[in-house]
Amino acid sequence: MKAPPFAYTRPRALADVFDLLENQGLNGDGAKILAGGQSLMPALNMRLSAPELLIDISRLGEQTPALTGIRVDGGHVHIGALTTHATIGASPDIRRHLPLLADAVEHIAHPAIRNAGTFGGSLAIADPAAEWPACCVALDARIVLASKAGTRRVAARDFFQGLYATAMQANEVLTEVVIPIPTAGTRHVFLELARRRGDYAIIGVAALAKILTGSISNLRLVYLGASDKPILAERTSQVFVLRKYSESSLQEAQDTLGDELDPAADLYSSAATKLHLARVLTARAMKQLAA
Amino acid sequence: MDTLIETTLLINGESVTRRIPVRQNLVDFLREDMGLTGTHIGCEHGVCGACTVRVDGNIVRGCLMLAVQAEGRAVETIEGLSNSGEIADLQDAFHKRNALQCGFCTPAMLLTAQDLMTSQPNATREQIREHISGNYCRCTGYQAIVDAVETTLAARLEKAR
Numbered sequence: 001m002k003a004p005p006f007a008y009t010r011p012r013a014l015a016d017v018f019d020l021l022e023n024q025g026l027n028g029d030g031a032k033i034l035a036g037g038q039s040l041m042p043a044l045n046m047r048l049s050a051p052e053l054l055i056d057i058s059r060l061g062e063q064t065p066a067l068t069g070i071r072v073d074g075g076h077v078h079i080g081a082l083t084t085h086a087t088i089g090a091s092p093d094i095r096r097h098l099p100l101l102a103d104a105v106e107h108i109a110h111p112a113i114r115n116a117g118t119f120g121g122s123l124a125i126a127d128p129a130a131e132w133p134a135c136c137v138a139l140d141a142r143i144v145l146a147s148k149a150g151t152r153r154v155a156a157r158d159f160f161q162g163l164y165a166t167a168m169q170a171n172e173v174l175t176e177v178v179i180p181i182p183t184a185g186t187r188h189v190f191l192e193l194a195r196r197r198g199d200y201a202i203i204g205v206a207a208l209a210k211i212l213t214g215s216i217s218n219l220r221l222v223y224l225g226a227s228d229k230p231i232l233a234e235r236t237s238q239v240f241v242l243r244k245y246s247e248s249s250l251q252e253a254q255d256t257l258g259d260e261l262d263p264a265a266d267l268y269s270s271a272a273t274k275l276h277l278a279r280v281l282t283a284r285a286m287k288q289l290a291a
Numbered sequence: 001m002d003t004l005i006e007t008t009l010l011i012n013g014e015s016v017t018r019r020i021p022v023r024q025n026l027v028d029f030l031r032e033d034m035g036l037t038g039t040h041i042g043c044e045h046g047v048c049g050a051c052t053v054r055v056d057g058n059i060v061r062g063c064l065m066l067a068v069q070a071e072g073r074a075v076e077t078i079e080g081l082s083n084s085g086e087i088a089d090l091q092d093a094f095h096k097r098n099a100l101q102c103g104f105c106t107p108a109m110l111l112t113a114q115d116l117m118t119s120q121p122n123a124t125r126e127q128i129r130e131h132i133s134g135n136y137c138r139c140t141g142y143q144a145i146v147d148a149v150e151t152t153l154a155a156r157l158e159k160a161r
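Just so you know, the sequences run in chain order A and B.
Numbering (my numbering) for the first sequence: 1 to 291.
Numbering (my numbering) for the second sequence: 1 to 161.
Among the clues, some could well be false.
[Claimed, not checked] Output of the computed footprint for chain A on chain B, the stretches with three or more beta carbons under 8 angstroms from beta carbons of chain A:
1) 16–26
2) 64–70
3) 124–137
Since the hints were derived computationally from the structure, they do not count as laboratory data.
Just so you know, even glycine gets a beta-carbon here, dropped at the ideal spot from N, CA and C.
Start from the sequences, fold in the hints, and give me the full structure.
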């Protein structure tokens with residue numbers, strides 16, 4: 001189908017975006033921000049969304065360089081909200097400092113979509129099966145939200161609140177994500193199961209850990225597609241801490257995961273299947289981390 | 001009534017200025033206003049890949065971009081790539097290997113394959129499959145398409161020696 005009618009504006013400055021958002025009130029479908037368009041445009045074309053106004057910020061990086069691109073600053077990587085998935089996948093800085101993101105990119109849809117879809121857009125939409133939200137929780141990212149009143153930083157863990165629901169207010173724009181570079185010796189793994197390559201995740205896991213002489217610490221197992229938002233499985237992660245990877249620790253963790261994860265069935269997989277697959281991925285992830 | 005925005009863009013190297021309704025997708029603009037019907041419309045929500053075009057050198061979904069967003073950009077379609085001879089060898093390989101039947105997916109498949117061949121000239125069969133995974137073909141079963149791309153890659157590598 002074709003998108004329903006809407007008004008369209010392409011502001012030249014972030015300040016203009018703030019003004020537009022302040023004036024539209026707080027009613028849900030009033031105005032929508034258009035960035036890469038890889039989720040919003042399908043929603044419009046399928047008439048699942050009918051905003052009165054589209055605020056196109058896709059070119060705002062030309063005027064406001066901080067909105068796009070990757071910057072390494074001391075112990076942090078700053079990723080502008082308008083940075084595309086493809087740019088992240090091709091970035092030597094990301095490969096070096098945040099290899100978890102580099103590994104996750106290949107699970108995000110297809111090349112033509114990665115060329116247009118944006119990092120900030122994926123976070124702002126907060127699809128529970130998306131890769132970036134889980135990675136941001138695993139990496140303890142800070143999400144920068146800007147409005148007329150100023151900017152604030154929200155921890156990724158608090159940012160994602162439910163199905164397509166975030167801590168972002170209707171007058172705010174997600175401008176940047178600040179990610180601490182994991183300390184030396186941190187290992188990572190990103191695994192995902194999908195019915196076809198590039199399809200929505202049935203279940204996935206983003207994990208970070210430190211392994212010193214086989215002993216596991218600082219483990220963070222974060223699951224995507226398992227709930228209405230990314231789930232940091234703290235108790236499951238804790239099972240391995242200060243232990244070596246073994247069949248018994250894995251068994252214990254898989255049991256704990258059953259208490260901690262309560263996946264909802266989707267069109268193709270029952271809740272039991274999803275939990276089983278989450279356990280399978282946990283085993284694969286821990287083997288890779290400990291290898 | 002839709003608002004119209006005067007938009008200037010480059011289509012296959014030619015500068016075009018039109019007043020475009022804001023809600024018109026790039027692929028509809030190319031087909032209906034420019035008569036460039038080689039770019040196809042399948043699902044209209046970014047899944048099938050039939051609408052793939054090149055914008056500023058990168059392949060994108062033509063159904064997920066508004067035509068007014070192409071302001072100042074260089075859009076290339078199958079007509080452009082075909083006329084310039086850029087993919088003549090690939091088209092020839094598709095023909096020889098029967099890598100198409102109904103032809104609906106073919107223009108977009110060619111653009112996507114060409115995108116792979118310029119970025120990963122040493123791509124393996126697995127990488128070819130990965131790259132074209134966002135382009136649906138309901139006739140060939142993909143085997144012949146992967147064969148044609150692989151043959152063309154090998155021939156280009158040989159030629160570059």
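**Asked** Out of the numbered hints, which ones does the structure contradict?
**Response** Of the numbered hints, all hold.
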